[in-house]
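J.: Listed in order, the protein sequences are those of chains A and B. Quick note on our numbering: the first sequence kicks off at 4 and runs consecutively. Quick note on our numbering: the second sequence kicks off at 105 and runs consecutively.
In short, the hints are calculated from the structure, not lab data. The beta carbon of each residue, even a glycine, is placed where N, CA and C say it ideally should be. Incorrect hints may appear among the rest.
To be verified - Going by beta-carbon spacing under 10 Å, a handful of chain B positions derived as facing chain A:
(1) Cys132
(2) Lys143
(3) Cys145
(4) Ser154
(5) Met192
(6) Glu202
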Amino acid sequence: MSFLSRRHFLLSGTAVALLAGTEALAQKTGAARPSDITILNTALAAELEAVAAYQVGAESGLLQRPVLELAVQFQGHHKEHADVLAKTIAKLGGKAAEPKAKYQFPVEGLKNQADVLRFAAALEKGAVSAYLGAVPLFRNRDLSKAAASILGDEAMHWAVLRQALGENPVPVAFVS
Amino acid sequence: MKQMILLAALATGDPQAGEAVYSRCLACHSLEMHRTGPKHCGLFGRKAGSSPGYAYSPAMKRSKIVWDEKTLDRFLADPLKTIPGTTMTYAGVPEARERADLVAYLRKAGAGCG
Numbered sequence: 004m005s006f007l008s009r010r011h012f013l014l015s016g017t018a019v020a021l022l023a024g025t026e027a028l029a030q031k032t033g034a035a036r037p038s039d040i041t042i043l044n045t046a047l048a049a050e051l052e053a054v055a056a057y058q059v060g061a062e063s064g065l066l067q068r069p070v071l072e073l074a075v076q077f078q079g080h081h082k083e084h085a086d087v088l089a090k091t092i093a094k095l096g097g098k099a100a101e102p103k104a105k106y107q108f109p110v111e112g113l114k115n116q117a118d119v120l121r122f123a124a125a126l127e128k129g130a131v132s133a134y135l136g137a138v139p140l141f142r143n144r145d146l147s148k149a150a151a152s153i154l155g156d157e158a159m160h161w162a163v164l165r166q167a168l169g170e171n172p173v174p175v176a177f178v179s
Numbered sequence: 105m106k107q108m109i110l111l112a113a114l115a116t117g118d119p120q121a122g123e124a125v126y127s128r129c130l131a132c133h134s135l136e137m138h139r140t141g142p143k144h145c146g147l148f149g150r151k152a153g154s155s156p157g158y159a160y161s162p163a164m165k166r167s168k169i170v171w172d173e174k175t176l177d178r179f180l181a182d183p184l185k186t187i188p189g190t191t192m193t194y195a196g197v198p199e200a201r202e203r204a205d206l207v208a209y210l211r212k213a214g215a216g217c218g
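Could you put the whole structure together from the sequences, leaning on the hints where they help?
T.: So, in structure tokens, the structure goes:
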């Protein structure tokens with residue numbers, strides 16, 4: 004069964020058993036490398052924060068159509084990322100991070116649509132870098148593949164937001 | 105001599121170039137606010153895992169690290185090797201030049217905010 008079947012990367016029963024075994028071994032050996040659950044949970048926390056950030060943008064009253072629809076669509080993607088990350092963590096036997104009761108964002112600096120777009124673009128660029136820094140860390144290569152899939156989505160968000168700002172949507176040949 | 109000049113340049117770093125490197129951190133960090141990761145205002149001279157209001161990993165809290173040029177350079181090169189158990193699950197910034205610039209930015213920007 005393909006790990007990245009359809010839109011989600013939910014795991015087959017066999018894959019879960021194998022991954023759970025890897026997790027247990029990792030914890031037993033006390034290796035310096037983080038467990039895949041820890042990596043997934045850090046990603047989940049950032050995805051949940053992105054969902055909250057887009058909510059702030061959508062409710063700011065500063066976004067006009069069609070940019071507003073775009074923001075809501077991107078928020079939906081982050082919700083999907085968070086959902087599958089949480090489910091994967093649970094299947095691996097971990098406890099998924101919960102959304103914070105309150106998030107802090109620099110809302111006083113958001114005065115117009117361009118400010119909101121720049122803020123969102125910075126978050127998306129950071130997300131690309133965060134996933135790029137996480138991809139090589141996974142013990143399970145299927146999880147690396149799944150994280151790379153999310154990275155691609157974040158990069159598309161970043162490019163579209165830059166385009167909406169009138170900037171070069173793809174300013175570099177490589178992301179870092 | 106060339107090597108000494110290079111080392112001196114790496115020791116100082118360019119905060120302006122470092123701001124561009126810092127853009128990689130913005131999914132999880134900001135200067136002024138705790139986010140998925142802790143805020144960076146007042147980072148220099150601070151004991152790792154001690155900024156009030158942020159839920160650090162036990163590993164970070166017991167690391168006994170105080171953040172300065174050297175400790176930040178080492179941590180940013182390989183966070184997970186430097187502090188095993190950190191929840192900053194990021195491979196690191198392998199280029200010394202970029203780390204020096206990033207550290208210079210963190211020093212400058214982190215000193216000028218609340």
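J.: Now tell me, hint by hint, if it's right for this structure.
T.: Against the structure, the hints:
no.: 1; hint: Cys132; verdict: holds (5 Å)
no.: 2; hint: Lys143; verdict: holds (9 Å)
no.: 3; hint: Cys145; verdict: violated (13 Å)
no.: 4; hint: Ser154; verdict: violated (19 Å)
no.: 5; hint: Met192; verdict: holds (7 Å)
no.: 6; hint: Glu202; verdict: holds (8 Å)
Checked against the numbered hints given earlier, this structure breaks hints 3, 4; the rest are met.
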